[in-house]
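A.B. asks: Below, each chain spelled out in residue letters.
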Amino acid sequence: MKRLTSLLIVVVVLAGFMAACQPETVEVTRVVEVEKEVEVEREVEVTKIVEVEKEVQVTVEVEKIESTPIPEGVMQINFWNVLGGWRTPILEGLVTDFNLQHPGIAVVNEFKGSYRDLIQAAIQSTAAGEPPHISQIFEAGTQLALDTEIWMPAEDAVAQCGLEVDWDKYLDAPLNYYTIEGKHYSFPWNTSSPIMYYNKDILDAAGLEMPKDPTFEDIEVIGRALVDGGYVEYAFAGLNHSWFYENWIATQGGNLVDQNNSQDGRVTEVLWDSEEAKRTFTWYLQLYKDGLLIDSGIEAWGEVNRIFLSQQAAMMMYSTSAVLKVESDARENGFEANTAYIPAPADVERQGVVIGGASLYVAKGLPQDELCAATEFMLWISATPQTIRFHQSAGYFPSTKQAVDVLEAEGWFSDHPDQQTAIDQLTETKVGPATQGAKFGALLEVRTIIEKQWEQMMADVDAGMSVEDAVEKNLAAAKEASDVAIADYNATIGE
Amino acid sequence: MEIQAKFPHRWLPYLLLLPTILVSVIFLYYPTGQTFILSLQRVAFLGLRKTFVGLENYQRLFTSPDYGRSVVTSLKFSVGVVLIGLSLSLLLAVLANQKLQGARIYRTLLVWPYALSPAVAGLMWLFLFSPTVGLINYVTDTLFGIKPNWLSINLAPLMVMATAIWKNLGYNIVFYLAALQSVPGVLMEAAEIDGANTFQKFWKITLPLLSPTTFFLFTMNLIYSFFSVFGLIDVMTRGGPVDATNILIYNLYQDGFVFFKTGLASAQSIILFVLVIILTLVQFRTGERSVHYGA
Chain H
1 MKRLTSLLIV VVVLAGFMAA CQPETVEVTR VVEVEKEVEV EREVEVTKIV EVEKEVQVTV
61 EVEKIESTPI PEGVMQINFW NVLGGWRTPI LEGLVTDFNL QHPGIAVVNE FKGSYRDLIQ
121 AAIQSTAAGE PPHISQIFEA GTQLALDTEI WMPAEDAVAQ CGLEVDWDKY LDAPLNYYTI
181 EGKHYSFPWN TSSPIMYYNK DILDAAGLEM PKDPTFEDIE VIGRALVDGG YVEYAFAGLN
241 HSWFYENWIA TQGGNLVDQN NSQDGRVTEV LWDSEEAKRT FTWYLQLYKD GLLIDSGIEA
301 WGEVNRIFLS QQAAMMMYST SAVLKVESDA RENGFEANTA YIPAPADVER QGVVIGGASL
361 YVAKGLPQDE LCAATEFMLW ISATPQTIRF HQSAGYFPST KQAVDVLEAE GWFSDHPDQQ
421 TAIDQLTETK VGPATQGAKF GALLEVRTII EKQWEQMMAD VDAGMSVEDA VEKNLAAAKE
481 ASDVAIADYN ATIGE
Chain Y
1 MEIQAKFPHR WLPYLLLLPT ILVSVIFLYY PTGQTFILSL QRVAFLGLRK TFVGLENYQR
61 LFTSPDYGRS VVTSLKFSVG VVLIGLSLSL LLAVLANQKL QGARIYRTLL VWPYALSPAV
121 AGLMWLFLFS PTVGLINYVT DTLFGIKPNW LSINLAPLMV MATAIWKNLG YNIVFYLAAL
181 QSVPGVLMEA AEIDGANTFQ KFWKITLPLL SPTTFFLFTM NLIYSFFSVF GLIDVMTRGG
241 PVDATNILIY NLYQDGFVFF KTGLASAQSI ILFVLVIILT LVQFRTGERS VHYGA
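Those sequence lines, one after another, are chains H and Y.
Per this note's numbering, residue 1 is the first one in the first sequence, and the count goes up by one each step.
Per this note's numbering, residue 1 is the first one in the second sequence, and the count goes up by one each step.
Warning: the hint list may mix true and false statements.
Covered stretches of chain H, as calculated for chain Y (at least 3 residues, CB under 8 angstroms) [claimed, not checked]: (1) 335–349; (2) 365–371.
Quick list of in silico lysine to aspartate or glutamate cross-link-like pairs, EDC-like style, CA-CA up to 20 angstroms [claimed, not checked]: (3) K473/H / D66/Y; (4) K112/H / D66/Y; (5) K169/H / D424/H.
Hints listed in this document are in silico derivations from the structure and should not be mistaken for laboratory results.
The beta carbon of each residue, even a glycine, is placed where N, CA and C say it ideally should be.
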């Protein structure tokens, strides 16, 4: 008996230990995948081979530079960003190139974890008298960044340094998002938008085709055919991220908040009870109730990707910044992944998407020479050649219209039809309050609220409530909590 | 008999205490004081702007149904972690204390979970419990054809609790093992001669002799379940779904560092501080009666 028990303990502990080893293997395969992806990119992009090689060389030089201290008389510019993992070498390649071209300036790439961490650290660092020169601030933090009053409008920085920028060279969607009350606050940089991915092999097997711009109804019909026909376990993998709900509302032309979707003044309420919001959640919750939708959990980017790649679901919502990655990961898993526009109701005119990603801000109160060096860097990195390189390696949209034209002429989009879909969806976006994005300081909290309420909606229909009642009840609750959050925020900043 | 140290100079003891006092003041008392002051203010952006609002933050917390729910969730969670955790640790410690071959190896292995960081432990168990790709659901699916959704409102607290208990097992077992080995063999022999069976020996001799350790572990586990499980929750559920695992420390973190409500978070921190003091005092009161020091 004693032996048996001790044997059992050993087995349990060993199992635990083996499980502990598992994440590492996952990490390793991921690294291998990234390497393979670079390989694939090389094969596809013959014309770019020289550039890629240059980048590799440059990366080697980065190490050299980092090991020696910055020489006397060279100005150090801190560039705080959140591009980690496989994107770090890409960014370091760019930064090193800039430094080589600009003797006297040494931009230092500093990884700060998440977007939220970066804002937090920047506030604390500024309070301690050492603001970071350049910060990469995400779109949802725009109003928050403005209210902290520790960054200055990009437009003013450019003017102060006697530089000139043709702002219209930037793509409309990001430029409009980062223009507040007619003023350009930051340099558009790593822009993305939501997009739908689908498993072409599964659809082919069922003899179905995905339109380029599917409707809510299409998803339901295709999804039901796939699941009922036994082609796949779930039709749609949903990522519980408010960004998608905001986009579904915006593409119908609906505003997320009052004040003409934050264009006309400080926001006081969130319109979770709008027709557009109700239609979105009714459609989405019905998919869940019918067993077509699998929810990956709050902001669980990794999980939704896993579900899609393991072919448990035939469609997923994700970001355009991952087009190349998802394509190659899918190939690894033996299927072809394609992209389509985000679904929208059939009876409304599609308005397009609200962007995600981030832009570059410069700190207030810097010495003139440092301010200008920082501004120069931001102009350089968001300029056409750099932004093309960044698009092809890191996956975000190019920042300028010219870059899109160049890529088109080089045949990049015809070689990558999934990128074509992504860029089309962005450039076809109609400029208006809805697609320009709701900017308010409590947005992060409001996102948390709706994500929580979506979980409650699923729990309610699980408990037998009707879809209509669950949507009605939970959107009302979301509105109430969101309005409190906004009132709180406004009180805190004294408005 | 009383032993009193004699110091050659009157100020020497104070000088020797100075480093400790300095460290305590700088790293403990000063921040505590600051937290209290912050809790009376409305703070924008981690302190860039402040306005004095008196007890408003406290009033809001005490009237908030969400905060009340968080208190209940926290208490349930702590009771589960402490009671189940301690019972299981004791059971495993007693088993590992048997004279078997390779006992040392088991004992070493049992401590390992404690050496893992919360982030690693959290990710690992999240992976095991994953409703779609997890090992646990693979087993339940193969054996019984069911795939419970461990991330649902009802099961998520259990999942986090199980992980939290597992994570702290090693710590508890080390202390219990040490205590078990110091149980005098003479007492056991005497009991055996008197005809006591294994259960009686455990209940009447071992358990009372372990009571100082149990009392110590009780306090440590209580603090663990209130504060240290933060990492696990952040990695596994982020307080969800629908606040099902939103214990006080996580609620505080969200308000303070995600939504930048520093004043409100400071008030929560003071409440948490007072709550733990009260619980520890209650324990000392009730504990004194049942704890035996020295054999």
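A.B. asks: Honestly, which of those hints from before does the structure not fit?
C.D. replies: 1, 2, 4
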